[in-house]
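K.L.:
Residues per chain, in single letters:
2 protein chains.
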Amino acid sequence: MADDALFEFLHMEIVAHVYRDQQSMKGEADNKERSSRVSILEGMGYRVGQGLIERLTRDSPCFKDELDIMKFICKDFWTKVFRRQVDNLRTNHQDNKFNLLTQLSNGKQYLDQAPKYLAFSCGVVRGALSNLGLESVVTAEVSVMPSCKFQVVIQKL
Amino acid sequence: MADDALFEFLHMEIVAHVYRDQQSMKGEADNKERSSRVSILEGMGYRVGQGLIERLTRDSPCFKDELDIMKFICKDFWTKVFRRQVDNLRTNHQDNKFNLLTQLSNGKQYLDQAPKYLAFSCGVVRGALSNLGLESVVTAEVSVMPSCKFQVVIQKL
Numbered sequence: 012m013a014d015d016a017l018f019e020f021l022h023m024e025i026v027a028h029v030y031r032d033q034q035s036m037k038g039e040a041d042n043k044e045r046s047s048r049v050s051i052l053e054g055m056g057y058r059v060g061q062g063l064i065e066r067l068t069r070d071s072p073c074f075k076d077e078l079d080i081m082k083f084i085c086k087d088f089w090t091k092v093f094r095r096q097v098d099n100l101r102t103n104h105q106d107n108k109f110n111l112l113t114q115l116s117n118g119k120q121y122l123d124q125a126p127k128y129l130a131f132s133c134g135v136v137r138g139a140l141s142n143l144g145l146e147s148v149v150t151a152e153v154s155v156m157p158s159c160k161f162q163v164v165i166q167k168l
Numbered sequence: 012m013a014d015d016a017l018f019e020f021l022h023m024e025i026v027a028h029v030y031r032d033q034q035s036m037k038g039e040a041d042n043k044e045r046s047s048r049v050s051i052l053e054g055m056g057y058r059v060g061q062g063l064i065e066r067l068t069r070d071s072p073c074f075k076d077e078l079d080i081m082k083f084i085c086k087d088f089w090t091k092v093f094r095r096q097v098d099n100l101r102t103n104h105q106d107n108k109f110n111l112l113t114q115l116s117n118g119k120q121y122l123d124q125a126p127k128y129l130a131f132s133c134g135v136v137r138g139a140l141s142n143l144g145l146e147s148v149v150t151a152e153v154s155v156m157p158s159c160k161f162q163v164v165i166q167k168l
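Chains A and B supply the protein sequences, listed in that same order. Residue numbering for the first sequence follows our numbering, starting at 12 and increasing by one per position. Residue numbering for the second sequence follows our numbering, starting at 12 and increasing by one per position.
Keep in mind the hints are simulated off the structure, nothing from the lab. Some hints here could point you the wrong way.
[Said to hold, decoys possible] Capping the alpha-carbon separation at 30 Å, the derived lysine-lysine pairs in DSS-like fashion look like this: (1) B:K127 x A:K127; (2) B:K167 x B:K86; (3) B:K119 x A:K91; (4) A:K75 x A:K91; (5) A:K127 x A:K75; (6) A:K127 x B:K91; (7) A:K86 x A:K75; (8) A:K86 x B:K91; (9) B:K167 x B:K91; (10) A:K82 x A:K160; (11) A:K119 x A:K167; (12) B:K160 x B:K86; (13) A:K91 x B:K86; (14) A:K86 x A:K127; (15) B:K119 x B:K75; (16) B:K127 x B:K160; (17) A:K91 x B:K167; (18) B:K75 x B:K91.
Generate coordinates for the entire structure from the input sequences, incorporating the hints supplied.
P.N.:
This is the structure:
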């Protein structure tokens, strides 16, 4: 199957599907519901990330250490999945034109809608790291669309 | 966003998500439920197909007639989306190794599972044709995995 657009459109559909029944809810139930919807999307991303990293590392040698893993995630994995390369190894990465946000209006008008379009991608990174033996918390922060800052915090065991 | 695998894994997740609550149901309600799940997936595909065809035809000249449209769908569209070219213009097309079925076990064991993995793709074709002004019914038939036969029937107005 081909074309970035295919993935992007499908991603929009999923977000819409997962959020469809939510609009009629209010108040506290709404907040709880909202976080569970984000979890659903994040969970999908997690399993997709696990699958992707298995394919991508199939022919790779073993990783030496945590730094080696982060290098692989920032270079090879990020480039393959998000079509961009992170040029340094800081665990937070600003992307000034994140693909999944480019279909939304620029600026601050729909800022409150951003989390649902980023949950899947955060899950992908967390799933990939998890399959390489690193438990992490991945978050994304948007101040102006379509710019987005990802932050990866590795959980020490 | 990149990589066929990303789309394929996401597609698997969606099918799983849409079908998750179904297993506890039985009997007649089950059948009704089953068809509504297929509709959800088909509907997603329909909207994705509409989006894709808008992008793909952005720079194309107008189509002369129905034959011209079918030629475009079978050549350009099919190649872009399903990475394969249909080499003739019959409206049914057999694909001996359909991408979205290759992750399932070959043979006849999981044949009853096939429809849920094809609903999205049928929707994509129907959505694309619809945006070009042709109402259609698109079905897919599997006799042995991962081979699959698509059939497009144009509805005459």
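K.L.:
Of all the hints numbered above, which does this structure not satisfy? Sort the numbers upward.
P.N.:
3, 5, 11, 15 and 17
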